[in-house]
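*Asks:* Below, each chain spelled out in residue letters.
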Amino acid sequence: MATDGLRAALLLAQAGAPARRTSPRASWDVVADVRQLLHYPFMRHAFAAGTIVAVVAGVVGYFVVLRRSSFAAHALSHVGFAGATGAVVVGVNPVAGLLVFSSVAAGIMGALGQRVKGRDVTIGIVLAWTLGLGVLFLSLYTGYATEAYALLFGEILGISQRDVAVTAIAGAATLVAVAAVYRPLLFASVDEDVAAARGVPVRALSAGFMVMLAVAVSVAVQVVGVLLIFSLLVTPGAIVERLALRPGRAMAVSVALALAFTWAGLSVAYFSPYPVSFFITTFAFAAYLSARLPAAVTAVAPAVRGPRRGWRARG
Amino acid sequence: MHAVEPAVVARDLAAGYGTETVWAGATFEIGAGEMVGVLGPNGAGKSTLLRLLLGLLRPQRGTVQVLGRPPMRGNPDIGYVPQRRPTTDETSIRGVDLVRLGLDGHRWGTPLPGRRQRAAGRRVADAVAAVAAQPYAGRPVGQLSGGELQRLLLAQALVGEPTLLLLDEPLASLDLRHQAGMAALVSDLARELGLTVLLIAHDVNPLLPVIDRVLYIGRGGVAIGTPGEVITPEVLSRLYEAPVEVLEDSRGRLFVVGLEDEVSHPHGY
Chain A
1 MATDGLRAAL LLAQAGAPAR RTSPRASWDV VADVRQLLHY PFMRHAFAAG
51 TIVAVVAGVV GYFVVLRRSS FAAHALSHVG FAGATGAVVV GVNPVAGLLV
101 FSSVAAGIMG ALGQRVKGRD VTIGIVLAWT LGLGVLFLSL YTGYATEAYA
151 LLFGEILGIS QRDVAVTAIA GAATLVAVAA VYRPLLFASV DEDVAAARGV
201 PVRALSAGFM VMLAVAVSVA VQVVGVLLIF SLLVTPGAIV ERLALRPGRA
251 MAVSVALALA FTWAGLSVAY FSPYPVSFFI TTFAFAAYLS ARLPAAVTAV
301 APAVRGPRRG WRARG
Chain B
1001 MHAVEPAVVA RDLAAGYGTE TVWAGATFEI GAGEMVGVLG PNGAGKSTLL
1051 RLLLGLLRPQ RGTVQVLGRP PMRGNPDIGY VPQRRPTTDE TSIRGVDLVR
1101 LGLDGHRWGT PLPGRRQRAA GRRVADAVAA VAAQPYAGRP VGQLSGGELQ
1151 RLLLAQALVG EPTLLLLDEP LASLDLRHQA GMAALVSDLA RELGLTVLLI
1201 AHDVNPLLPV IDRVLYIGRG GVAIGTPGEV ITPEVLSRLY EAPVEVLEDS
1251 RGRLFVVGLE DEVSHPHGY
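Chains as they are written, first to last, in this note's numbering: chain A, 1 to 315; chain B, 1001 to 1269.
Worth double-checking, as some hints may not be accurate.
Said to hold, decoys possible - The calculated label-pair distances, taken between Cβ atoms and stated as ranges, are:
#	chain 1	residue 1	chain 2	residue 2	range
1	A	R162	B	P1111	32 to 40 angstroms
2	A	A252	B	G1121	14 to 22 angstroms
3	A	W129	B	Q1117	28 to 36 angstroms
4	A	A96	B	L1112	53 to 61 angstroms
5	A	P41	B	Q1117	42 to 50 angstroms
6	A	R242	B	A1119	40 to 48 angstroms
7	A	A179	B	E1248	57 to 65 angstroms
8	B	P1113	A	S23	41 to 49 angstroms
9	B	D1126	A	P294	43 to 51 angstroms
10	B	S1237	A	A179	52 to 60 angstroms
11	A	L289	B	P1111	31 to 39 angstroms
12	A	G248	B	A1172	28 to 36 angstroms
13	A	S290	B	G1220	56 to 64 angstroms
14	B	Q1083	A	S139	26 to 34 angstroms
Unchecked claim - To give an idea of the chain B side of the interface with chain A (calculated C-beta under 10 angstroms), a few residues:
#	residue
15	P1082
16	L1101
17	G1102
No lab work stands behind these hints, which were simulated from the structure alone. By construction, the Cβ of each residue, glycine as well, lies at the ideal position given by its N, Cα and C atoms.
Extracted from the complex, chain A is given alone in its bound form:
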């Protein structure tokens, strides 16, 4: 069976608990640390896949936030879960299952277009069913708990060389597609009416973007899993949105953030006994908080300063 990534994840998890208690030590010698980090093939694969995923997620995530389609990202990851587990059952690479299932779902959602909007209850019900399907597929396969864990929360340390290759091809295809439609996609995302009047095929672009999103979701699931997909696919875009940059620069910063979360998460996790996904999501959350904090402080500040000024005036 060609489930290399998850197989490896399973082996790691089985052997992992005792092995990881004696995790490597970081020193102040950065070069030595990096050499340590990249010593084992599984870490090199993790860094390679993580880097590709971060670039794709950073670019696509910018549009996810701009188009307010984070719910679609969430939905596609759940559908992808059923695809990945189904692929494991029939003996196909789970990443391929993820790609196929979420792309088909994206095509359907894109074709429905506007009619999908405001139907979160219906979509939620369908999603719950796809997760249930995923559980069924898992039970048909022996590695139940570990498989589920890897898919739901990500297991990038178990990624194989072939998974890295699949990720690289899918990621490159997505980036080429985004570059090809960059300007009209931006136009349609910001101002659909004017874009349509200027001849931009807004419906086709919307469906096309859903497929790009499906691919981004599929590759990102390997790193952070179905449930934590937001940390790479939405958080960088959401942080960038608060900075008011020109679109090209905003996308670059979004990519830089996704890369920083992934690299930092991988590095810190290597020298600690705790999971990579925890660190990636925590770094993402911390960055989001620090991006929001200044605005929150200025919003609260007048209320705090108000009474004191009044007291002084009285004095």
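Chain B: place on chain A using the hints.
*Replies:* Then chain B, alone, in the frame of chain A:
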């Protein structure tokens, strides 16, 4: 110099969605360089007329020519500002980015930095300057007031150097003073650049100093002429198939009485 052919020619034009007709029997011409106010109650089909001219909707009957051709989606000679705000308050797109989309947002691909980019940047800056929006063009559009956003959308429509400008309710959500300012700005730009303008409005009064004619869309029909010719009890009563009165105050402002609330009580009253 532009050709002297009319900007818009409609013959027995009917518009609607599906089998439902919104208005019919519209025969009119709009001359090149004319500024026309499009008036009428809510739901009468004012925006529908713009959709027809933009090629986003096919006529149910009759013919229409725009700049000497049948309507065509993506016509680069038309600048368009739709009615509703394009984005939510959170958006980080800056005013200049919004204007820039009007220049090449419809083209495929990703622009690379270079001479062409710098030229595009200058054209965007010129359009922003033309509507005097420099002070706030660098801010995210979510933080702009209705009037500021409206000026930037106007710059977005102008940056592609159109010859016909279609503006859907550019005065909505502005107070009376800003309505007059916006109307004057559009009029000045139109004269300077030799543009034909169709401007949808709710209330004719802020437009009276600047428009050449009004196109009044009533219940099922269309009438065109100078404000004095169209905004009369006879014409409006015929359009509405109901008795309508027109009152004029000491400053020449017109009030249409006997229709729905929003028409009988123009803004500010």
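*Asks:* Checked against the structure, which of the hints given earlier come out wrong?
*Replies:* 3, 4, 6, 9, 14
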